[in-house]
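Asks: Assemble the complex: chain H is given as a structure, and chain P must be docked to it using the hints.
2 protein chains.
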Amino acid sequence: MKLNVKNLDIASRGVLLNRVDARGIGVLDGDRVQVINPNNGVSVAAFVETTSTITQQGTIGVYSFTNERLHLDDGTGIEVREAGRPASLDFIKKKMDGGKLTKEETLTIIKDVVSDDLSGAELTAFIVASYINPLDLDEVEHLTRAMVETGEQIKFASRPIVDKHSIGGVPGNKISLLVVPIIAASGLKIPKTSSRAITGAGGTADLMEVLAKVEFSASEVQKMTEKVGGVIVWGGATNIAPADDRIILQEYPFKIDARGQMLASVMAKKFAVGANIVVIDIPIGQHTKIATMQDGRKLAREFIELGERLNMKVECALTYGDIPVGRSIGPKLEVIEALRVLEGATEPNSFIQKSLSLAGIALEMSGKASRGTGAAMAQDILTKGKAIEKFRQIIEIQGGDPNVKSSDIIPGEHNFVVNSPSSGYVIEMNNRSLITLARTAGAPQDSGAGILLHAKKGKLVKVGEPLFTLFAERNWRLQKAIEEGRRLMPILVEGMLLDRVPSSSEF
Amino acid sequence: MKLNVKNLDIASRGVLLNRVDARGIGVLDGDRVQVINPNNGVSVAAFVETTSTITQQGTIGVYSFTNERLHLDDGTGIEVREAGRPASLDFIKKKMDGGKLTKEETLTIIKDVVSDDLSGAELTAFIVASYINPLDLDEVEHLTRAMVETGEQIKFASRPIVDKHSIGGVPGNKISLLVVPIIAASGLKIPKTSSRAITGAGGTADLMEVLAKVEFSASEVQKMTEKVGGVIVWGGATNIAPADDRIILQEYPFKIDARGQMLASVMAKKFAVGANIVVIDIPIGQHTKIATMQDGRKLAREFIELGERLNMKVECALTYGDIPVGRSIGPKLEVIEALRVLEGATEPNSFIQKSLSLAGIALEMSGKASRGTGAAMAQDILTKGKAIEKFRQIIEIQGGDPNVKSSDIIPGEHNFVVNSPSSGYVIEMNNRSLITLARTAGAPQDSGAGILLHAKKGKLVKVGEPLFTLFAERNWRLQKAIEEGRRLMPILVEGMLLDRVPSSSEF
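Going down the list, the protein sequences come from chains H and P.
When the letters of the first sequence are read in order and numbered with our numbering, they come out as residues 1 to 507.
When the letters of the second sequence are read in order and numbered with our numbering, they come out as residues 1001 to 1507.
Same shape as in the complex, but just chain H (with noise of 0.2 angstroms):
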């Protein structure tokens, strides 16, 4: 049937046909149809939603999701017909019985997801059948080469090409900022594109956006880097492993983060931009993803096998995970702490030498350094003010400032000290509660919400100093984060009461 486009301002994906034209056409809410741009010869399948007054019979009103493939313009005349249904589906339930994906039958389901050919419940049955059975090394292999293929990709001119991961769950690990800049001030190229905080309280992209902007094109990635050797930039806007954004969307409401999509998510974005040395933070930890150092070792296997059937080196650092990395949590917060230390700040202790031995490891691997000796460069590079420079490059190629200092970034003007209640040493602190707790203030959405840490575990803390403060941009959502904290404890003293039981349930 033929349509005319009129676009809807809706940011959602779909068309909203007139009951009369759904029935003509034979499809019914929630069927696809095809459609397609005669201008372009673009064809996508689109969900169909349909209403009696909004689109008048003869048009077809296109979501902007949508329209951002199809590029339509208001009153273009289009073909729109009942779409098949597509043979994903068939290899998502083989997966749900248990079978084994072929390159090709997992090419063909990345290529759905990417051309929003599969609905977010048709991927979330993807994504939970892989969950549940679990994808062998194999089909890890197909799913990081499927998420490549279907995106773009970076090839620079001469290698090596560094590249560093965190696979995430520890507040404050915002070691990106210093990694970065110290492995381009050595001389080797650095491409970091990074992703914004899904259920965390800052991403790195989250972070960078503070000094500079972070969405650029993978061709714009590539130029910046041959420049400056280095950039971090939000991996979401580059079009590369472009299926990963909308995996991730649909693991967020179970807080899961599927095996086999993770190692292949991490691995086909470091392929993409063209890096043959990779250097992955394996956080381990009580409160973390990875609880113990044995699941560590496991993952980090994986992760070493796939970077070999992809030809990349891949070496794998298992980090103290048990609690925040530095002082700082939330976007405005971490950049202060960050830009301090490139200054010339010798503390926080976990914070640096954490980006130290993790640039370390990439500046050995690529031969800059001799076994052994990586940490030691990276120091240098940072005490006699070479990362900073940097730094200062990588700024203003993304467009911010280059003079920015510390004493610059203002956090959110509200904020609460939380005082120990008793003394004694500080016994736990839980990186869930902290995170849910700069998030409850506003992170990452307001960058200058979050929470700063006054004592780490392990220090002794007098009945009444304080432990953190909790900084918002709003006050509501400062007094919702008090009210959340005090159920949460997230920090506990030695000696804290955690409950009090009146006598009357003592018999």
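A couple of the hints might just be wrong.
Computed footprint of chain H on chain P; a stretch qualifies when at least three of its residues, placed anywhere within it, have a C-beta under 8 angstroms from a C-beta of chain H [stated by the list, open to error]: (1) 1204 to 1212; (2) 1247 to 1253; (3) 1353 to 1360.
Selected chain P positions facing chain H (Cβ under 7 angstroms, derived; list incomplete) [stated by the list, open to error]: (4) T1051; (5) E1122; (6) T1124; (7) A1125; (8) I1132.
DMTMM-like, lysine to aspartate or glutamate: derived pairs with alpha carbons at most 20 angstroms apart [said to hold, decoys possible]: (9) H:K456 with H:D408; (10) H:K93 with P:E1079; (11) H:K255 with P:D1090; (12) P:K1255 with H:D90; (13) H:K480 with P:D1097; (14) H:K255 with P:E1079.
Don't read these hints as lab results, they were simulated from the structure.
All C-beta atoms, glycine included, are put in the ideal place defined by N, C-alpha and C.
Replies: Here is chain P on its own, set in the frame of chain H:
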């Protein structure tokens, strides 16, 4: 935040917020908000989409499915705030991790399903998790009770109340059109709720709709049954076990019928209408849902045990499901066939015998007939014209024409006869292909579309003799079906060429 309602005529769930308001509330696309109608106190969670133009700042667009629950008028001021994460998601995650759900956890999930607090993707995760990690009988019982409790229930003044159900998969299975009037004519009550076809060519509700209205409330079902002894209505309109419709919708893309959900769905509907005598038809066949007698017996035992837990007497009939029941597939064609039998026709035997057997079992279970005499009593009711008399009462009470005759129903005007390409016995009929073909021709939406079989399995046909006729209401659908038929070859005749391999492939 206080916002003014603007109803949006879009057949979907959710709300459309202006981007400024979304930011003020602190939500992004895809997040949940809680929306409360101040006039009736109804509160629902709704998923957010955003716009800059279609709803102005201060206004909230409400999609029609969501407003079917809220009943908000344009301009009403309502409170909108960020909604919490439903606890259901943790329980679904538990099932993904192989855990066993408690009664309370199951009820929480089903409550959220019914109140639209879960997205389609989240519900899909529950279904896929239960498909891969099957529910045990405790969990199925919890699910059944949860489905009953979250919908309306009918309490008849006296028992027994009879019900029947076919688990489906066999085309042309129109037996309810015979069984219900026979049972009701015997003096028993049978308030039959049935489904519309999801993956089939015509559900019982689609068939009955050719003759009368099928959308009634639970209390109307009760009143009509009290009056004439039986009804054949669409379950989806009654608000009986409403969770089931949403579950089936999410299963549709994968053509699955997760065992636990299926057991619970069938038994919840029977329990909720007050039935205590239930006959379940389990068709066995290569191209149906249950392939072997062994699987059929296992499923039968589960139905019976679940029935015991719910104080219902259940018997299962394992029936021959390898080929269609009767000679017609598609709403109008099936209704014509059923009416002819009720009017006195003694063919087709497969349809009549199956209907009498199932009605007979119910007559025996209820004590109307002694063991071994049920089918004969059913035959007697049919032959003496009591069934057609009762069926006319049922049609009339459901608002149809009680004087309708089989010759009044006219199938689709476009038709095409498929002749046998060779002489020999009909050796195979593929149910799935026949269903696909009938659907391609337009069934069940186009009620006149379908297939009339002229030869069934085992019949000797001569070359050029008709095998089947395709019917459609629209010519383009007929052409599509003819094309599809060539590819699918739903009926195989001995000696028919399946494919022709050119000689060049010999080496």
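Asks: Okay, which hints does this one fail, numbers in order?
Replies: 1, 3, 9, 10, 13, 14
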